[in-house]
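Residue strings, one per chain:
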Amino acid sequence: MNQKFTIEQINRDLNTKSISCVDLIRSCIEKIKIDALNDFISIFEDDAIEQAQKIDEKIKSGKKLEFLEGVPVAIKDNILVKNKKCTAASKMLANYIASYDAHVIEKLKNSGVIILGKTNMDEFAMGSSNETSFFGNVLNPHDKTRVPGGSSGGSAASVSANHCVFSLGSDTGGSIRQPASFCGVCGLKPSYGRVSRSGLISLASSLDQIGVIANSVIDCAISFNSICGRDKLDMTSFKSEILDISKIQSDVNNIVVGIPKNFHKFSIDNEILASFDNLIYNLKKAKIKVKEIDMSFMDCALSVYCIIQPAESSANLARYDGFRYGFDSKIYDSLKNAYENNRTIAMGDEVKRRILIGTYVLSSGYKDAYYNKARLVQLDIKNKFNEIFKKVDFILTPTSPSKAFKIGEKIKDPLTMYFSDIFTVSANIAGLPAISIPLKSNDLPIGLQIIGKYMDEENILHLSYNLDKKFINI
Amino acid sequence: MLTKKEIEKIAELAKIKLSENEENVLFKDINDILDYVKKIQKYKVSKNIKVNNYKDFSLRRDEIKDFPGDLLISQFSDKKDKLLRVKKVL
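If you're matching them up, the sequences are chains A and B in order. Position 46, counted from 1, in the first sequence is what this note's numbering calls 46; the numbers after and before it change by one each time, with no gaps. Position 58, counted from 1, in the second sequence is what this note's numbering calls 58; the numbers after and before it change by one each time, with no gaps.
Chain A extracted, bound-state conformation (with noise of 0.2 Å):
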C-alpha cells in the first residue's frame, strides 16, 4: 500500500504548497472510486471541493493553516450531518435528511476539516462485518475477499485505504476496535461520556460512543481532542481535558500491564497467538510488568451484552415507523397494518432478529430473569474491572479471536458472528476506553487491544504509541 496519511504530513504539505487542498480532495475522491471498496454510502464532492478551494485561497493569501484545515475526513453513516442524508445504513432511512449536526460534527466543523461523505457501516450498527448493510458489503482493503470487521467497516476501510486522514466511528460492543484490527489501523473507543451522543442514531444507548480510527496513534489522539467534551443535549457526557500530545509521545515507564489468564481458550488463531505471545515476551524481556488477571468473566460479559444491547435497541428503534420520517411502504389499511409493514419491508433480518430478542427479555415474565438479571451481572463486572485496576495499569488482548473473514463465511450464524466481539465487548459493559492498534502479522492484518481505567485515554494512547514504536515489530 502506499505511504499513509498523517494530519502533520498534511498540514505540513498544504502550510509548504507542497499540494493544493483541491488536488488532495480530488484525488481521494477519486481513489474512493477507483478502489471501489463500496465504504462510502455518500461522497459530498462538490461540497468538499469547494471548501478545499477556500482553503487554498486561504495559504494563497499567506496565513498559515491551523492543524486540522483541510484534513480530508469521514463519517459513519450514523452520524447527522445537517442538510445531508443520514440512512445507518438501512432502507428504513435510505432517504432521511439530517435536520442538524451532531455535536461532534459542529465541533469538526469549526476545526476546518473537509467532510469527503458518509461511510457505510452495518445496519443500524449491528454487526461485526459490514455484511448487513442495505446498501451492500464493504470490502477489505487488504483482500477484497474478505470482510473489514463491522459496524464501522467503511469507516475503517477508507482510512485503511487512504481515502481519507481519519474517520469518526461508534462503537457498542466493538464496532470500531474490530474493524479497525482487520483494517490494519488504529481505531479508539473512548470512556463513556466522554464523547456526546448528541446526534448519533441510537443503538444501545448506556454503550454507544463515538470514537475515531486513524493510521497512527497520534491521529487519534489529535482526532479524539477534536471531539470530545462536554454537551449539554447529551446529559452523560462531560467535560474533560484533552490529551496532552507530547506526553504520548514521550518514553512510558513504571507500568504494570495485565494479561487474562486463560484467554487461549476462546479459539484464537494461531497467528494472533504467536504475534501476542511475542509482544509480551518482548515487554518481559525490556523488565516490564506483566501479570496473569483472572477475567473469566468475559464469556459472561458477551452474554449481558447480548442482552441489554438488544433490549435497549429494541427501545430505541420503536420511533421507526415511516410516519414523521423514513420508509413508507402506503401498503396498508390500518395504522397497526402501516406500523408493521413499513418496519418488516425496510429492516434487515440482523435488525429483526436483535429487536425481538430484545423485546422478549423486557417482556413480562422474562424481563428478571434475563435483563434484570443482565444489569447485576454488568454491575459485578465494572466492580471486578475496578479491582483490577488496582494491580495493573492496563489490559492487553487481541482485539479479536480471527483475522478478517471471507465475506459470507459467518452471515448465517449470528452466535459465531457474535463471538468477534468476544475480547471487545467487556470494555462497553464497563463503559472503560480501549483501543485497538495493528499489532505485526505476516499477511492479514492483526489488532491489539489495550484496556485502561475510565478517564485514561491519555495512558492508553501513551501505552500505544510505545508499544508501537518499541516492541510490537521487533
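The set of hints was computed from the structure by calculation and includes no laboratory data. Take the hints with a grain of salt, since some may be wrong.
[As the list claims (entries may be wrong)] For the chain B half of the interface with chain A, some residues (derived, Cβ under 10 Å), not all of them:
no., residue
1, A11
2, E12
3, K15
4, N24
5, K39
6, Y43
7, V45
8, I49
9, L59
10, I64
11, L71
12, F76
13, K80
Where is the CB? At the ideal position from N, CA and C, for every residue including glycine.
Position chain B against the provided structure of chain A, taking the given hints into account.
Just chain B now, with coordinates in the frame of chain A:
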C-alpha cells in the same frame, strides 16, 4: 425456550410481521442465542456489589430555541398543511 407462538407474540409487540420462512429461521437463531445467554442465570453476583454513584449531572435550561421545521415537515409520509396525517388511531 421460545415457542413459535411466543415468537408470534413478541413480533406483534415489536410491530414486525414475519413470514413462515422467517419465523422458522429466526426461531432457531433466537433460541440458540437465548440458550447461550442463559449462563448469566448461574453467575453469582458478589454480595458487596457497589452501585455507581453517578455525578450529579447539571440539567440544561428549559428554553425554546428556533428550529426551522420545513425540513422536518417535508419528510412526513403524509401531511395536511403542517400536520402529520396517519391512519385512524381508534
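Results of checking the hints against the structure:
1. A11: This hint holds: A11(B) lies near chain A, its Cβ roughly 6 Å from the closest one there, short of 10 Å.
2. E12: Check passed: Cβ of E12(B) comes within 8 Å of chain A, closer than 10 Å.
3. K15: At 4 Å from the nearest chain A Cβ, K15(B) passes the 10 Å test, so the hint holds.
4. N24: Hint violated; N24(B) Cβ to chain A Cβ min 13 Å, cut 10 Å.
5. K39: holds, 6 Å
6. Y43: holds, 5 Å
7. V45: Where the cut-off is 10 Å and the nearest Cβ of chain A is about 5 Å from V45(B), the hint holds.
8. I49: Holds: closest Cβ of chain A sits about 6 Å from I49(B), inside 10 Å.
9. L59: Constraint on L59(B) satisfied, holds at 7 Å.
10. I64: violated, 15 Å
11. L71: holds, 5 Å
12. F76: Because about 6 Å separates F76(B) from the closest Cβ in chain A, which is inside the 10 Å limit, the hint holds.
13. K80: Interface hint status for K80(B): violated (13 Å vs cutoff 10 Å).
In summary, the numbered hints that this structure violates are 4, 10, 13.
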